[in-house]
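Visitor: If you want the building blocks of each chain, they are given just below.
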Amino acid sequence: MNTSLWIHLFLFPGLLFAVPASWFYVWGEHKATARIQRRIGPPLLQPVYDLVKLFGKRTPARHGIEANLLRLWPALSVLSMVGAIAMLPVFPGGPGFAGDAVILVALLEIPSICFILAGFTSGSVFAQIGAIREAILSVACNVVFLLSIVTIAVTGRTFHLSDLANVTSNPGHWIGVFGILLCIPAKLRLNPFSTSSAEQEIYSGALTEYAGAALAMWKLAHGLEWVALTGFVATMVVPAGGAWWVHAILFVAISFAEVLLLSAVAAATGRLTLERSIRFYWRWAAILAVLSISASVYARFRS
Amino acid sequence: MNLLQRFMHRCRRKSPSLFHLNTGSCNGCDIEMLTCLSPRYDVEQLGIHLEGSPRHADILCITGPVTRNALEAAKTVYSQVCEPKAVVALGSCAGSCNVFAGSPVIVGPLSKYFSVDVFVPGCPPHPDAIVAGIQRAAKILADRGVPEKAKGVPQR
Amino acid sequence: MNILRLIFDNLRRGTVSYPMPHTHLCTSNQYRGLIINDPERCVGCSQCAYVCPSAAIEVTRSGDNYTWTYNPSKCAFCGRCIDRCKPRTLTMKSQLPPLYSTQDELKQVLNMVRKRPVRPAAAAAGTAATANVTAPIAENAKPAEPMAGIPRKEDLA
Numbered sequence: 001m002n003t004s005l006w007i008h009l010f011l012f013p014g015l016l017f018a019v020p021a022s023w024f025y026v027w028g029e030h031k032a033t034a035r036i037q038r039r040i041g042p043p044l045l046q047p048v049y050d051l052v053k054l055f056g057k058r059t060p061a062r063h064g065i066e067a068n069l070l071r072l073w074p075a076l077s078v079l080s081m082v083g084a085i086a087m088l089p090v091f092p093g094g095p096g097f098a099g100d101a102v103i104l105v106a107l108l109e110i111p112s113i114c115f116i117l118a119g120f121t122s123g124s125v126f127a128q129i130g131a132i133r134e135a136i137l138s139v140a141c142n143v144v145f146l147l148s149i150v151t152i153a154v155t156g157r158t159f160h161l162s163d164l165a166n167v168t169s170n171p172g173h174w175i176g177v178f179g180i181l182l183c184i185p186a187k188l189r190l191n192p193f194s195t196s197s198a199e200q201e202i203y204s205g206a207l208t209e210y211a212g213a214a215l216a217m218w219k220l221a222h223g224l225e226w227v228a229l230t231g232f233v234a235t236m237v238v239p240a241g242g243a244w245w246v247h248a249i250l251f252v253a254i255s256f257a258e259v260l261l262l263s264a265v266a267a268a269t270g271r272l273t274l275e276r277s278i279r280f281y282w283r284w285a286a287i288l289a290v291l292s293i294s295a296s297v298y299a300r301f302r303s
Numbered sequence: 001m002n003l004l005q006r007f008m009h010r011c012r013r014k015s016p017s018l019f020h021l022n023t024g025s026c027n028g029c030d031i032e033m034l035t036c037l038s039p040r041y042d043v044e045q046l047g048i049h050l051e052g053s054p055r056h057a058d059i060l061c062i063t064g065p066v067t068r069n070a071l072e073a074a075k076t077v078y079s080q081v082c083e084p085k086a087v088v089a090l091g092s093c094a095g096s097c098n099v100f101a102g103s104p105v106i107v108g109p110l111s112k113y114f115s116v117d118v119f120v121p122g123c124p125p126h127p128d129a130i131v132a133g134i135q136r137a138a139k140i141l142a143d144r145g146v147p148e149k150a151k152g153v154p155q156r
Numbered sequence: 001m002n003i004l005r006l007i008f009d010n011l012r013r014g015t016v017s018y019p020m021p022h023t024h025l026c027t028s029n030q031y032r033g034l035i036i037n038d039p040e041r042c043v044g045c046s047q048c049a050y051v052c053p054s055a056a057i058e059v060t061r062s063g064d065n066y067t068w069t070y071n072p073s074k075c076a077f078c079g080r081c082i083d084r085c086k087p088r089t090l091t092m093k094s095q096l097p098p099l100y101s102t103q104d105e106l107k108q109v110l111n112m113v114r115k116r117p118v119r120p121a122a123a124a125a126g127t128a129a130t131a132n133v134t135a136p137i138a139e140n141a142k143p144a145e146p147m148a149g150i151p152r153k154e155d156l157a
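Protein chains in written order, with our numbering: chain A, 1 to 303; chain B, 1 to 156; chain C, 1 to 157.
Read the hints as simulated data drawn from the structure, not as lab findings.
Here the structure is a predicted model, which is why all the values come from computation and not from measurement.
Sample of chain B residues at the chain C side, in silico, Cβ under 8 Å:
(1) P39
(2) D42
(3) S92
(4) G95
(5) S96
(6) S111
(7) V118
(8) V120
(9) G122
(10) C123
(11) V131
(12) R136
Lysine-lysine pairs mimicking BS3-like chemistry, simulated, CA-CA at most 25 Å apart:
(13) C:K107 to B:K112
(14) A:K219 to A:K31
(15) A:K219 to B:K139
Backbone N, C-alpha and C define an ideal beta-carbon position, used for all residues, glycine too.
Construct the entire structure; sequences and hints are all you get.
Guide: Put into structure tokens, the structure is as follows:
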């Protein structure tokens, strides 16, 4: 368990895969958005340049803000995302974590909480507004997210990730996957649910007071969120059976296809206001609640 | 320069992030600057993007002759941009107050209060000139970030 | 479904952007660019300086020598000077003003000598030129006599 743990944590799908994959997915998002708008878009290494440039900024000391506390939030986000990616069941049944869906969901939730706390500890009005919007939106979105996970787990009769990754024949499973896909734009702050990091509308939202290396860590955390969320859906979708390298290639391919799909949706839609966003999510939460409860009742009494 | 400094120089040149500040312009220069982001000119292919907060940006693009009310705000924003930074004076109002020179509410061109690196003349400047100005400012900014004793080696 | 068709059409039709960096500038023939003055034809009437709204053109005189200064960094490219210029000397080049790094780096200064029109008697006697021909006057020539009754500047205290 030890060697496979370190391989999963640091090699694939851990740190050494996740960070370059995050750069690739972020580039894919910008390039797809640009091509849909008939523009050329950034070069392939652009996320690398942005990140490295931010590490080279010299940030001045500021009064009234606890600088170490501000640095804690992006660090926590990056660490939890690396842990979540390492836990993904890319090779179900093979060596790796015998992980639980509950822990994965908890790890996936941490960056959102850190974003909210970063906004509140920044000491800026714009940061507060961004944090408030993110807090309200994440409550509505997480209800849908958790109900989808429950639907998948109930129809698969287990919470273990490796077993869930193998189950692909139930309709309940696909309803759950669709529900997770609905939540991803809100978690990644993409259009149409980008109200919490509305560019220029609230001056960069919760991250307004961040600069330099801390901001670079936030951008890295955002990229890793892309990898984790799209990877989670990819592992639920990839069919069982086959060699380990087929699983790995399908994992990356399906994740990137999801990146392109989400970018197309983001390019095609405008930003919804906070009220409309939460109304959308509570409506879907109600539908999914009915579906998941009836699926669990049906599954209980069918066996 | 050693390899790390050369890499940092390249990254700074290839990823200039702008913050746009309007100190009382007629918005002609601002519209031309936004035209650069539009599909026809698309400066994102050079890595240039607008940031929402001055703390996130390297290059401060200032338009407009500096009005009395905007002066303090401009100084505050200038102090919030982190080093290394560059200032671009966009348009002829920012360079020399154009037709508004001598007005009682205009406190003078930008070069009176800030050390401007690149002036982009024009009323309004052509988007090609704006892009060339931003690229020159990115090069100045990257050169500024190299420590003194490492200079003297020609970089790409 | 219109949005799907739009996305598909956009991906099929390709990009409309100019690939950067490009060397040729996309300006039309009528682009309002830098002002060009022809030292051979300029007569020094300084109407362009009078009518310029941003004082980008300045004309200073001392005797018959005058200095025509043009500062592109102050110019608003409105074209009033060209409209006003009677000898049609000023023209507008469809070229962008260049970037600069120090204040007043772009100022152009032209030192010229005022040309006077040749008097009709001399023209009829000597050359076959028309009354519009202007000839540069000699270096040490005396300035013209003022009209009777108006004191000259040198006579005033």
